[in-house]
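*Asks:* Assemble the whole structure, with the sequences as input and the hints as a guide.
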Amino acid sequence: MNETINLTKDRINKEEISNKLMTKWYDWKWQIKNTIRKVETVERILGITFSQEKKRALQQTIDKFPLAVTPYYLSLVDTDDPENDPVFKQCFPNSIELKLTDWEMDDPLDEDTDSPVTGITHRYPDRVLFYVSQICAMYCRHCTRKRKVGDVESIPSKDDIMQGIEYIRNTPQVRDVLLSGGDPLMLPDEYLDWILTEVSKIPHVEVIRIGSRMPVVLPYRITDNLINILEKYDNLWINTQFNHPSEITGSSRRALKKLAKAGIPLGNQSVLLRDVNDCPRIMKSLVHKLVANRVRPYYLYQCDLSEGLEHFRTNVGKGIEIIENLRGHTSGFAVPTYVIDAPGGGGKIPIMPNYLLSWSTNKVVLRNYEGVISTYKMPAYSEQNECDLECDKCNLQLKIAENEIEYKTIGIAQLLSDYEEDITLVPENLERKLRNNGDENDE
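Sequential numbering from 58 applies to the sequence shown in this note's numbering.
By construction, these hints were calculated from the structure, which means they are not laboratory data. Take the hints with a grain of salt, since some may be wrong.
With a cut-off of at most 20 angstroms between alpha-carbon atoms, the simulated SDA-like pairs for lysine to any residue come out as follows [stated by the list, open to error]:
id : residue 1 : residue 2
1  : K318      : I284
2  : K341      : F390
3  : K95       : P123
4  : K86       : A399
*Replies:* If you want it as structure tokens, here you go:
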């Protein structure tokens, strides 16, 4: 552990570290082996001392929500002011995590409810979330799956993985598979390669995605051998999670460059965190650094209602303010979509400023980022294409493959369609319906 303490001071005292120790520092397996799990170790590394009362409170927090941080990630902490550092806040426990509110939930997104088989969440029609690992290099304090952190029993077995693969194989509407966890890149290279091979063999799977925070918390995991494996799969995408400009270091840039040069499209999914990145200037700096490293800002998540996250949550207005300060003020591809992953399994709902001010039958009134108000005239040619799903009679060209699944609409798209008879969406337990049905039964 003394080795860990010395190496973690890399950016402060690099000259004094031997070449032998530095070789270990860049070994991702060494980093995992030396994962920091105790408050006392953090004290020694950062040169700070907590009171006995605070240490007792921190230990109670760790007993419920474990501490695990790589030496690399802890080395990014500003030792002059650690407790206000954005990296420190994401990796080190806070006793306020134990002050649970009535609205915090164990599984706020209902991922377990929408699980047809072990290891699969199937919420959207054409894509699934596939949990292939429940282990992370670091336990992020804002993790939406804190219920599974440190739970050895939730680690998927190979039989669980095969069950998930079989579900995907037997569900032809699934065209997009997101490997998640935990962190899929915590798996051994050969095991990850096997999973990717099995999923890519399924004819109807068009896209495979990996969600990983390794480029942020342990960029040394992006080894040449891993790159050789990943670049074999032409339909592979990777999404990572940088939340603050301080996380984009020379090491993370090199990892991202390796992935980009391998031809893998990269996206980023930030989480909006109070007192970490809830600032338009911080977020603009972050997205600029991301696109400079060929990473597309994809989502900005409103922090979920998971247990222990209340102190991280911001008002929704803060997220809208950030988007208002990005749209029009920087490149369009640098602006993420701000979303709330709706509690109860509602899925990702985009939230944005209002740019459409009003409309009539012949024009719409719009405003831009400067406040300039414009109108857009509707076409004089009022006849529009209507769809009855009789594609062979349509003037638009669409060649349907013989094995293509029958097209269906659900939800709002169903109400908008021209070929469905439904004109309303009615909640299953609508009180009025229950009451009226009850009256009819009484008669």
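*Asks:* Honestly, which of those hints from before does the structure not fit?
*Replies:* 4
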